[in-house]
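**Student:** My request is simple: use the sequences and hints to build the entire structure.
First to last, the sequence lines map onto chains A and B. Position 26 (the first sequence) corresponds to 26 in the working numbering; numbering is contiguous. Position 159 (the second sequence) corresponds to 159 in the working numbering; numbering is contiguous.
If you are wondering where the hints come from, they were derived from the structure by calculation, not from laboratory data. Everything hinted at is true.
Covered by chain A, per the in silico footprint, the following chain B stretches (three or more residues, Cβ under 8 Å):
(1) 30 to 40
(2) 235 to 243
(3) 270 to 276
(4) 285 to 291
Derived DSSO-like pairs (lysine-lysine); straight-line CA-CA distance at most 30 Å:
(5) Lys150(B) <-> Lys236(B)
(6) Lys16(B) <-> Lys29(A)
(7) Lys109(B) <-> Lys150(B)
(8) Lys12(B) <-> Lys29(A)
(9) Lys16(B) <-> Lys26(A)
(10) Lys12(B) <-> Lys26(A)
(11) Lys72(B) <-> Lys159(B)
(12) Lys72(B) <-> Lys199(B)
(13) Lys60(B) <-> Lys150(B)
(14) Lys150(B) <-> Lys199(B)
(15) Lys157(B) <-> Lys60(B)
(16) Lys159(B) <-> Lys60(B)
Where a beta carbon is used, it is the ideal one built from N, C-alpha and C, also for glycine.
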Amino acid sequence: MIKLSPLYIVIFASLIYLLWAFAYHKIDKSLTFSIYMEYVLTALLSIILLMGVLL
Amino acid sequence: MKNWQHWFFPHKDTHKKAHLLSWEAILIYVLFFILLQVGFSIVGFAKPGVLGINGNIDQKRLIELTNQERQKAGLPPLVENEALDKAAKLKGENMFAENYWAHFAPSGKSPWDFILGSGYKFTYAGENLAKNFYSSDEVVSAWMASQTHKDNLLNNKYKDIGIAVVEGVLNGQKTTLVVQEFGTTEILASTPAVSIQGKQIAVPTRDLINKPELVAGSEARIAPAKSIIDPFIFTKSLGISLTLFIGALLALDLLVLYRRGVLRISSHHIAHMSILSISAASLFTSSPGAIL
Numbered sequence: 001m002i003k004l005s006p007l008y009i010v011i012f013a014s015l016i017y018l019l020w021a022f023a024y025h026k027i028d029k030s031l032t033f034s035i036y037m038e039y040v041l042t043a044l045l046s047i048i049l050l051m052g053v054l055l
Numbered sequence: 001m002k003n004w005q006h007w008f009f010p011h012k013d014t015h016k017k018a019h020l021l022s023w024e025a026i027l028i029y030v031l032f033f034i035l036l037q038v039g040f041s042i043v044g045f046a047k048p049g050v051l052g053i054n055g056n057i058d059q060k061r062l063i064e065l066t067n068q069e070r071q072k073a074g075l076p077p078l079v080e081n082e083a084l085d086k087a088a089k090l091k092g093e094n095m096f097a098e099n100y101w102a103h104f105a106p107s108g109k110s111p112w113d114f115i116l117g118s119g120y121k122f123t124y125a126g127e128n129l130a131k132n133f134y135s136s137d138e139v140v141s142a143w144m145a146s147q148t149h150k151d152n153l154l155n156n157k158y159k160d161i162g163i164a165v166v167e168g169v170l171n172g173q174k175t176t177l178v179v180q181e182f183g184t185t186e187i188l189a190s191t192p193a194v195s196i197q198g199k200q201i202a203v204p205t206r207d208l209i210n211k212p213e214l215v216a217g218s219e220a221r222i223a224p225a226k227s228i229i230d231p232f233i234f235t236k237s238l239g240i241s242l243t244l245f246i247g248a249l250l251a252l253d254l255l256v257l258y259r260r261g262v263l264r265i266s267s268h269h270i271a272h273m274s275i276l277s278i279s280a281a282s283l284f285t286s287s288p289g290a291i292l
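**Tutor:** Encoded structure:
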C-alpha cells in the first residue's frame, strides 16, 4: 500500500485550476498560446514534482 | 536594466514577465524533473544499490513499540519467537532474491511457507510488511495508521512475534524491508489461517504436511554498502526549492508591477501560487515509506 492520496489531491486541484483558467480566459477572450502553455505546464510541474517522490 | 535582471524581474519597458517565469522556462523545469527520474532509473539499473534509502531501524525497538501499542489497547505483550524471527528473515531475503514487494512471491511462495518452513507450527498467524522507512517509530506509526495492519498488530489471538529488518537491493535501489510475523500455536476452533491485509486466508491442508525446513541464507542475495544518494530526499529538496523559487519570482513580479501601476492580462499569479503551494505542502509531508 503506497500513500498516493496527496498525488490524487494535486491532480484534482490541477484540473480545477486548468478548468478555471481556460473558462476565465475564454470569457475574457484573452486565451493565447503562451497563456495556455503557462497554465498547462504549471499544472504539469505540480504533478511531476510529487510523482517524483511518491512513485 | 542589465541583461541578467530580465531573468528575475519584469522588463522595464514592455513589462514582460521575467524569463524564469516564462512558459519556456517552466517547460525546462518539467523536462529537468522527468530527466531526473529517468536518470535515477538508469543508475538503479546500471549500478544497483548506489541509490536508495539508508534507514536506521532496530528489530528490538520494533518489538518494544508493538508491545507498547498492545498494552495501550489492554492486550498482553507478545513474546519474541526464534522460529518466527527466522521466518521473517527468510521472507525478507526471498523478496530481494525474487525482486518483489508483496505477501506472495512470484514463484508462488506464501507467507505460511516461511513460517512453517522455520518450524513454527501455527494455528493462526499474520504478516505485516514495511519498506523504506527511516526509523522504527515511523514503521509502527504507519502500521497503526492503517486499519488492516492495526487489526493485525492488536489481534488478541497472537501470542508470539518475529521481526526481521533486512537490507538489500529492490528494483535497483538499496531498500530496507521490515517483515513482521505474528502467530500462536494454541489450539483454536478454526483450521489454521493467516491474516494478511485484513483477509483471513485458510492454509491449504497440503501445505501443512511434510513441510521441508528452510535454511537461512540459502538464497542468493546482494548485500549492498550504504547507498550514496537518497533519491527521495534529493527529489524532495529540489522540488521544494524550485516551488519556493518560482513563488518568490511570482511575488516579486506582482510587487514590481504594483509599484509601476501596470496591469498584465496573464498575471493570475495567485492561481499559480495556489497550485504550487498545494504541491509544495504535499512534497513537504511526503514519506518514502510504504506498508503492505
